[in-house]
Amino acid sequence: MSRNTVSKYVRQLAEKEFITTAPTDVFTSRGEKRNGNLLYTILPIEQAKKYFYDWQTERNQQIIAEEKQRKRLEKLTGQAL
122 MSRNTVSKYV
132 RQLAEKEFIT
142 TAPTDVFTSR
152 GEKRNGNLLY
162 TILPIEQAKK
172 YFYDWQTERN
182 QQIIAEEKQR
192 KRLEKLTGQA
202 L
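Going by our numbering, the residue at position 51 of the sequence shown is 172; the numbering climbs one at a time, nothing skipped.
Fair warning: there could be bad hints in the mix.
Cut-off 30 Å, straight-line C-alpha distance, at most; resulting in silico cross-link-like pairs (BS3-like, lysine-lysine) [said to hold, decoys possible]:
#: 1; residue 1: K189; residue 2: K171
#: 2; residue 1: K137; residue 2: K170
#: 3; residue 1: K129; residue 2: K170
#: 4; residue 1: K171; residue 2: K137
#: 5; residue 1: K154; residue 2: K170
#: 6; residue 1: K129; residue 2: K154
#: 7; residue 1: K171; residue 2: K129
It should be emphasised that the hints constitute simulated quantities derived from the structure, not laboratory data.
Kindly generate the complete structure, drawing on both the sequences and the hints.
Structure follows, in structure tokens:
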């Protein structure tokens, strides 16, 4: 896989709260501070489930609001959309 593809999938996992990423620091033998690799932490599945349920609830509320708005518009115009 390319670097961009891996980065995309890691970002999606982080957005869905399956993992967290944190930058690390590395010190060379000369004592210079350098950027290290990302530190990945797998989060508890309950947290991911809560995120998904919250996302689903928000999505359902949005669908209901859009349906109400469509019905109001149909009532005002007298035409089915």
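Verification of the supplied hints:
1. Between K189 and K171 the CA atoms are separated by roughly 27 Å; this keeps the pair inside 30 Å, and the hint holds.
2. As the CA atoms of K137 and K170 are separated by approximately 9 Å, the hinted pair is consistent with the 30 Å bound.
3. For the given pair, K129 sits about 21 Å from K170 by alpha-carbon distance, which is consistent with the 30 Å threshold.
4. Restraint check for K171 and K137: the C-alpha separation of about 10 Å stays at or below 30 Å, so the hint holds.
5. The hinted pair formed by K154 and K170 fails the criterion: a straight-line CA distance of about 38 Å is larger than 30 Å.
6. A threshold of 30 Å between alpha carbons decides the hint, and for K129 with K154 the separation of about 28 Å falls inside it, so the pair holds.
7. This hinted pair checks out: K171 and K129 have alpha carbons roughly 22 Å apart, not beyond 30 Å.
Violated hint for the displayed structure: number 5, the only one.
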